[in-house]
Amino acid sequence: MENRTKFETFDQLVFLTELYQNEDSFNKTASLLINALNDWPNAHSLKISEFIQEFDSHIFKLGNDEHMNIMMKRNLKQD
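Counting with the working numbering, you get residues 17 to 95 for the letters of the sequence shown.
These are computed hints drawn from the structure, not numbers from a lab. The structure displayed is predicted, hence computed values, not measured ones. Here a beta-carbon is modelled for each residue, glycine too, at the ideal position from N, C-alpha and C. Check the hints yourself; a few may be wrong.
[As the list claims (entries may be wrong)] FRET-style restraints, in silico, Cβ to Cβ:
1) F31 with I68: 12 to 22 Å
2) E66 with L32: 14 to 24 Å
3) K77 with Y36: 30 to 40 Å
Using the sequences plus the hints, can you model the full thing?
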């Protein structure tokens, strides 16, 4: 059976990267997430799952805004 470690916070993720220093694929992925968390305004006060939900909402909004900009440009070209 596979042994899984559950982590929920930034500090736990950092601890796991130190604990599993020889796990290259884990550390590469964890480093990307840690960098994103470091750049996010309130990430250290959030659980990782809350950060991902907030990030997803932000990206979804940006995607919708960009989609609207493209549609407006197309409509302007047609007029």
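Worksheet entry | Structure versus earlier hints - violations, ascending order | none
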